[in-house]
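Visitor: Residue-level listing of the chains:
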Amino acid sequence: MRCSTARRLLLLHRPGERTAWQDRRLARHLRVCVACATEARHIRDELEKSTLALRDATMVLADEALLASVLSQLAPRPDLRGASSARHSAQQAFRPSLLPRLVPAAATVLIVLAFLGQSLSVLARYAELGGSGSAVQERVVVELRYALLPRSLRGEAQVSEPNAALVLSDEHAALTDRDLSRDDAQRVWRLALRSMVPDMEESRIRHLITQYSIIPRLAILTSEEGA
Amino acid sequence: MAASPEIETLIENGKAGDTQAFAALMRHYQGYAQALALRLLADHEEAREATQDSFVRVWEHLPRFDGRAAFTTWLYTIVTNVCIDRLRARKRRRVVFVPLTEDAATYSSDPGALQDGARLLAELPSLLHRLSEAQRVVFTLRDMQDLSVDEVRAITGMSATVIKTHLCNARRAMRAALRARFGKEF
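So the protein lines, in turn, are chains A and B. Residue numbers for the first sequence follow this note's numbering, so the first one is 4 and each next one is one higher. Residue numbers for the second sequence follow this note's numbering, so the first one is 81 and each next one is one higher.
Hint data in this document are derived by calculation from the structure and do not stem from the laboratory. Built from N, CA and C at the ideal position, the CB exists for glycine as well. Just so you know, not all the hints are guaranteed correct.
As the list claims (entries may be wrong) - Computed cross-link-like contacts, DMTMM-like style, restricted to lysine to aspartate or glutamate with a CA-CA straight-line distance of at most 25 Å:
no. : chain 1 : residue 1 : chain 2 : residue 2
1   : A       : 52        : B       : 231
2   : B       : 95        : A       : 66
3   : B       : 95        : B       : 133
4   : A       : 52        : B       : 213
5   : B       : 95        : B       : 125
6   : B       : 95        : B       : 146
7   : A       : 52        : B       : 226
To be verified - Distance ranges between label pairs, derived from CB positions:
no. : chain 1 : residue 1 : chain 2 : residue 2 : range
8   : A       : 204       : B       : 198       : 54 to 64 Å
9   : A       : 52        : B       : 146       : 38 to 48 Å
10  : B       : 149       : A       : 78        : 35 to 45 Å
11  : A       : 205       : B       : 259       : 28 to 38 Å
12  : B       : 150       : A       : 64        : 20 to 30 Å
13  : B       : 242       : A       : 16        : 17 to 27 Å
14  : B       : 240       : A       : 5         : 43 to 53 Å
15  : A       : 206       : B       : 125       : 44 to 54 Å
Start from the sequences and build out the full structure, keeping to the hints where you can.
Guide: Laid out in structure tokens, this is it:
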């Protein structure tokens, strides 16, 4: 057995991780290789010590606030053991006398939906572009956040937070955390579209840039992503 | 691992829609679930949110739990999947500032430092950052949750060979990272 193989097997130190055949070969190797025998002791000690320390450091106790929060989110499910009483309760809940109480709630929902409509229409336009960050594979990425708004809403948009996010592969890290000029913003916007939809026609890109204003927010992300 | 009769009763009552039984079930498993989330995500607040999401999913899918797998295996599968979703979303969207080079010189070589739980917890994100998603999941389930290779296989759907390969690489990386942080004799 080579030392490299022995070192790899030494890392599988917990019961049941090596086969009996691997154990025999490893033991034979350790009898004749002083360096690997020394390493065997260190590996086992260090891994066991660090694992215990990590377990201790990340122990979590029961948290009643979390339990209460979960319980408040549970969708009701009919209690199958008392189906008849559940049906009775459901009938009670929709008595006409309760309807007036539902009216303010329904009005609130409508107002909220109308309010959200503005944002949703913007997001829908973003989705129309086929945008998604899932194509990012590079180890270093720059995350650019934008508000994407029709020009007619530009005035109102000055104070709004970005509600569409684009993630680009970083070919242009030179655009660092400074305010972007309008030209820079359009250039980055063009790159974003190209990144998301590589075969998008130039006329379509021009149309989108013309029709929508973008409000750039820029944050640099240097992330060593896992494989 | 078979659940005790009390736990089985709670599961059956939870399936039937009894929220009190479900609360008792959560109380029993919340520590395990949240520890798993913390170990995978290395962020207290996010682990808390992931635990909440997981239990809501458990509630939604409980009627379909057929008992073929242990309840803990089923629960851990849900928590792991929720955390993986979060890790992937984090990779795509979250702004994190991570130094490109590790400056080992800024860390003192203190043999006792590993026993400092607060410091170790603070180091956890950068330690786990060295692992791929699969390595992180396997390492967490096997070494930190102390599950058997068979249980890890049931949760992740990976083969035993793949699990051992990830374990091997993860332990090597963690050992190197701990040595860099805490010195050779940590």
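Visitor: None of the hints should be skipped; say for each whether it holds.
Guide: Quick rundown of the hints versus the structure:
Annotation: proposed proximity of residue 52(A) to residue 231(B) holds, straight-line Cα distance about 23 Å (limit 25 Å). Distance hint between residue 95(B) and residue 66(A) is fulfilled; the C-alpha atoms sit about 23 Å from each other, no more than 25 Å. Taken as a hint, the residue 95(B) and residue 133(B) pair is honoured in the structure, with Cα atoms around 18 Å apart against an allowance of 25 Å. Under the criterion of a C-alpha separation no larger than 25 Å, the hint pairing residue 52(A) with residue 213(B) is consistent with the structure, at around 23 Å.
Proposed proximity of residue 95(B) and residue 125(B) is contradicted: the alpha carbons are some 29 Å apart, above 25 Å. Restraint check: the Cα-Cα separation between residue 95(B) and residue 146(B) comes to about 10 Å, which is no more than 25 Å; the hinted pair holds. The suggested pairing of residue 52(A) with residue 226(B) holds, with an alpha-carbon distance near 14 Å, which does not exceed 25 Å. Evaluation of the 54 to 64 Å hint for residue 204(A) and residue 198(B) yields a pass: the beta carbon distance comes to about 56 Å.
Residue 52(A) and residue 146(B) have their C-beta atoms about 40 Å apart, which keeps the hinted 38 to 48 Å range intact. Take residue 149(B) and residue 78(A): their Cβ atoms lie about 24 Å apart, and the range 35 to 45 Å is violated. For the hinted restraint 28 to 38 Å between residue 205(A) and residue 259(B), the CB-CB distance of approximately 54 Å leaves it violated. Residue 150(B) and residue 64(A) have their C-beta atoms about 23 Å apart, which keeps the hinted 20 to 30 Å range intact.
Separated by about 18 Å at the C-beta atoms, residue 242(B) and residue 16(A) satisfy the suggested range of 17 to 27 Å. In this structure the hint that residue 240(B) and residue 5(A) lie 43 to 53 Å apart at CB is violated, the actual value being about 23 Å. Here the CB-CB span from residue 206(A) to residue 125(B) is close to 46 Å, well matched to the stated 44 to 54 Å.
When held up to the earlier numbered hints, the structure conflicts with 5, 10, 11, 14 and fits the remainder.
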